[in-house]
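Peer 1: Sequence:
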Amino acid sequence: MTDTTTPTVLQPEQAGTQLPLYPVDGDNDARPRAIRQVPERADRVFRGISRGGGLIVLVIMGLVGVFLASQAFTAIGSVGLGKFLTTSEWSPETNNFGIAAILLGTVLIAIVALIIALPLSIGTALFITEVAGGPFKRTLTSLVDLMAAVPSVVFGLWGLVFLQGQILPFSRWLSTWFGWIPIFHVDGVEPNNPLPNDALFTSSTFIAGIVVALMIVPIMTSMMKESFSRAPIGEREGAFALGATRWGMIRAVVLPFGRGGMIGGTMLGLGRALGETIAIYLIINPVFDVNTQILQNGSNSIAAHIALRYGEANPFSMSALMAAGLALFVVTMIVNFTASIIISRSRSGAESEG
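So that you can map any letter, position 340 of the sequence shown is 1282 in my numbering, and since no number is skipped, the others follow by simple counting.
Because the hints were derived from the structure by calculation, they are not lab data.
Values in this document were obtained by computation on a predicted structure and should not be read as measured data.
Ideal Cβ positions, reconstructed from N, Cα and C, are used throughout, including at glycine.
Hints may be right or wrong, so weigh each one.
[To be verified] Label pairs and their calculated CB-CB ranges:
hint	residue 1	residue 2	range
1	1022	1053	36 to 44 Å
2	1253	1103	35 to 43 Å
3	1190	990	41 to 49 Å
4	1253	1123	37 to 45 Å
5	1176	1129	55 to 63 Å
6	1255	1129	58 to 66 Å
7	1031	1008	27 to 35 Å
8	1182	1011	52 to 60 Å
9	1078	1038	55 to 63 Å
10	1081	1282	39 to 47 Å
11	1104	1080	38 to 46 Å
Construct all of the structure, not just a fragment, from the sequences and the given hints.
Peer 2: Written as structure tokens, this is what we have:
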């Protein structure tokens, strides 16, 4: 006989189970316990030294800017800021001067240098970290570091004596076949002339940019190399385990992880290129015309112009040179701050770490 009696369901109170008592809203005065961390003495000393060093750098940079602004006030006030920025002539004696030509020349030389140096730096850094090994890797790293120690005057003399003569045929070739592009056009050139006039191509923005590019390659390569070498070894091996080639691993792991280093190294090289003085001073033929033709003879930069005119400057001309230096200082600060913003927003390594 089947028992069809419904089983008795015991309520929680009857079963001996007590429901939790939740406090009424507003009656709970519980607070999270504060965790206090007491740093060691060595940590406090290190933190103080680091903060002090950073503060000193900021103060020095601020003082440099204040000094340049105070010295440039007389010159800029005499011609006005608008005229100072748009005038290409440089004649403080007649109160007719500006930085339009030399600022453009500075930017063009830096851009040419960056276009040449960027692929060289990335390729060299990747070769050192991903391909070379053993003694050859150490030797190549030492050579790159030694290049950064070569004085700029040596690069300038090398560019003036050796490189300029070797690069002229390539400059003529660019002008002949790509002269329809404004930046490669050269005034007065005759492509069919069997006796070309090489003087049209000497002391140009292009030659100065090549020399500056070789000067900034070691700095950019060192930063990129350190960034690439810190790519996670586990993700490198994981990429190989999934069948990736060496280039596939570099593209999927190393380059995304080293994006911040590439941006930082590029901006650091750009800042160095903007401020280069002696090498450009030895190579270029200074002109004060707005010239966007990088193969054409004649160019100028702010730093080289200051070095050229500093020894013969009277008090007012010195104020004008200080104004040009202030413009270069502002441009360099803009480049550095822009690089900092880009690096802070760049999620370097995020794609590979995910």
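Peer 1: The structure should be examined with respect to each hint, and the outcome stated for every one.
Peer 2: Taking the hints in turn, this is what the structure says about them:
Between residue 1022 and residue 1053 the C-beta distance comes to about 28 Å, which lies outside the given range of 36 to 44 Å. Taking the beta carbon of each, residue 1253 and residue 1103 are about 24 Å apart, not inside 35 to 43 Å as hinted. Between residue 1190 and residue 990 the CB atoms are about 47 Å apart, so this pair conforms to the stated range of 41 to 49 Å. Remark: the range hint 37 to 45 Å for residue 1253 to residue 1123 is upheld by a beta-carbon distance near 39 Å.
Range check, residue 1176 to residue 1129: about 59 Å between beta-carbon atoms, so the 55 to 63 Å window is met. Checking the proposed 58 to 66 Å range against residue 1255 and residue 1129 shows it is violated: the Cβ atoms sit about 32 Å from each other. Look at residue 1031 against residue 1008: about 28 Å separates their beta carbons, and that is inside 27 to 35 Å. The hinted window of 52 to 60 Å between residue 1182 and residue 1011 holds, with their beta carbons roughly 56 Å apart.
For residue 1078 and residue 1038, the hinted distance range of 55 to 63 Å is satisfied, since their beta carbons lie about 58 Å from each other. In this structure the hint that residue 1081 and residue 1282 lie 39 to 47 Å apart at CB is violated, the actual value being about 34 Å. The hinted window of 38 to 46 Å between residue 1104 and residue 1080 is violated, with their beta carbons roughly 29 Å apart.
Violation of the numbered hints given earlier is confined to hints 1, 2, 6, 10 and 11; the remaining hints are satisfied by the structure.
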